[in-house]
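Visitor: Assemble the whole structure, with the sequences as input and the hints as a guide.
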Amino acid sequence: MQYSQLFLPTTREIPSDAEIVSHQLMLRAGMIRKLTSGIYSYLPLGYRVIRKLEQIVREEMNRAGAQEVFLPTVQPAELWRESGRWQHYGRELLRFRDRHEREYCLGPTHEEVITDLVRNEIKTYRQLPRNLYQIQTKFRDEIRPRFGVMRCREFGMKDAYSFDADEPGAEVSYGRMFEAYCRIFARCGLRYRAVEADSGNIGGSFSHEFMVMADSGEDAVVFCEGCDYAANLEKAEIAKPEARKIDSARFLPREEVETPDVKTIEEVCRFLSVKPEEIVKTLVFSADGMPVAVLVRGDHEVNEAKVRNYLGCDSLELADDDTILKVTGSPRGFAGAIGIRARLIADHALLNMTNFVMGANRRDTHVRNVNMGRDFPLREFADLRTAKPGDACARCGKPMQFARGIEVGHVFKLGTKYSKAMRALFLDREGREQPMIMGCYGIGIGRTVAACIEQNHDEAGIVWPMALAPYTVIITPVNVKDEKLFQASQRLYDHLSERGFEVLLDDRDERAGVKFMDADLIGVPLRITVGPKRVAEGKVEIKSRKSGEVSVVALDEREVETFLRERISKEM
RNA sequence: CGGGGCGUGGCGCAGUCUGGUAGCGUAUCUGAAUGGGGUUCAGAGGGUCGGUGGUUCAAAUCCACUCGCCCCGACCA
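Start counting the first sequence at 723; every next residue gets the next number (our numbering).
Please note that a few of the clues may not be correct.
To be verified - List of simulated lysine to aspartate or glutamate pairs, EDC-like, C-alpha gap at most 16 Å:
{"no.": "1", "residue 1": "K1206", "residue 2": "D1229"}
{"no.": "2", "residue 1": "K1110", "residue 2": "D941"}
{"no.": "3", "residue 1": "K756", "residue 2": "E741"}
{"no.": "4", "residue 1": "K1206", "residue 2": "E1259"}
{"no.": "5", "residue 1": "K1110", "residue 2": "E947"}
{"no.": "6", "residue 1": "K1120", "residue 2": "D950"}
These are computed hints drawn from the structure, not numbers from a lab. Keep in mind the model is a prediction, meaning the values are calculated, not measured.
Guide: In structure tokens:
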């Protein structure tokens, strides 16, 4: 491609509404332009990168035995009513009506459509397993899109769905996808981690997120120093502390204290001169409509995902003021375990607490020297809090570390959630009707590209890994008016293009500096500089974008080709 | 949805408080010189100041309404 013909608007200045590097660089390098909030157009350069990634994804999905399909983006409401998600999905689901007033949505994901397709065509275990995937545009009406294509409303996603006849088969399907994902992200040259994730109330036993490590990531990743345990912060399990024998002889007399208008942990600490570790927080939730009080240490945070999983409930939200009043008999801010009219569950950290402070279930009152057993009964202990740096790993007991990550892929075991709801059944060997066991597997295409830039850039711009680079080599004649230089460049360009290289010829009548800046900005891995001094010696320079290393190579098509081939294979 | 900020040539911004000829940088076009890391000089084109309504002799500027965008939070199968 000749640069002068390319629709590639690069900008020198940083667009004012871009916060993170990948967003800034994608705009500056002319890869994307915003149409409206959370909705982007890909320009030729950006789309080339997208297609590179899609190609890698296709190769690995096909290798793993999945077959490509292409499903509709407009989906009828009835399907979503069948799965129950028309009610539950919320406002992220963009709904609309057609001219006949029939209801539709734009697909934010495709479980319903694929399940409908498969249930109509697959009838027997003989036709299983199956894994179907597509690369397609999704629409999720995000409450707050941000960071360019990182969290946007319309985005490209690869989604695959597996259907198996039994649990062991589903395991195999899951494992295949897991492995394919590892290969994909490795081929893209990404530093990533597969972490255990919460599967939420989507059901199923297991879920992994593929996280690209980056400080700008929206997700917190927890990993163990001692073993290979790694998990999303939401999911990260904390080792149960060893329960010491509690000596009730040490219990101090319980004492109510007036704490006017003292509600938050900080206020209680200040007022009573205690540390947060000596306080027990009581949070009242409404779990499927039933009140549940969750006790955690003052310096800990309740993890709602863990509570939800422990209770096995569908909905969990902090109770409203009315419920709090009903359950505790006091306004918000003074809840405690003593005499509370709700199911009581406590985080493990409470196991070894004695003589602690908690709310008295009475306005402007707290209680000192509270002890479990003596002052209130408590049977249910579980891991209910969010991990903090240094917490002990549930697997090996070593301290856990924190890092930031970008979720680029997610593999899920769905189990029979959709196949049961939508009657995707097959006949097993014994002729019995069974629901298929499903898995779903997603990769955010645009997000992966953005994540790649987060990991591969410098002051001057993007530094593409060879596998995703929109062009692998750019030829820069230092002065196009110099016939000799230009012809030499043209000859190289013709030869390399013919030999299948993805090559860009910067034929613009610009100063060398401008061309160098643009080449660096758009991140082409290899640059051939055709300048007067070297050409006079019968040579050209080839510079690596990543290392900055400059090699001098004979100005000869074959020599250059050989050099490039070596370089490319080394960096692939 | 709550809080904050912004909307002025393609991009980045000043001007708004205190109403009075729409400006700067960059980009673009033409010409000339220059030609290995965003070159210099000369000239030119390009703006309903987000929109609507109001106040006023006069509105980018004041008032009301409205639309859009960004940030923080809430929310998020």
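Visitor: Each of the hints needs a verdict: does it hold here or not?
Guide: Cross-check of the supplied hints:
With a CA separation close to 13 Å, the supplied pair K1206 and D1229 stays within the 16 Å bound. Pair hint K1110 plus D941 holds up; C-alpha atoms about 14 Å apart against a cutoff of 16 Å. The hinted pair formed by K756 and E741 meets the criterion: a straight-line CA distance of about 14 Å does not exceed 16 Å. A hinted pair counts as satisfied when its Cα atoms are at most 16 Å apart, and K1206 with E1259 qualifies at roughly 13 Å.
As the CA atoms of K1110 and E947 are separated by approximately 14 Å, the hinted pair is consistent with the 16 Å bound. Of the pairs offered as hints, the one joining K1120 and D950 holds, with about 11 Å between alpha carbons and a cut-off of 16 Å not exceeded.
Consistency note: the structure conflicts with none of the earlier hints.
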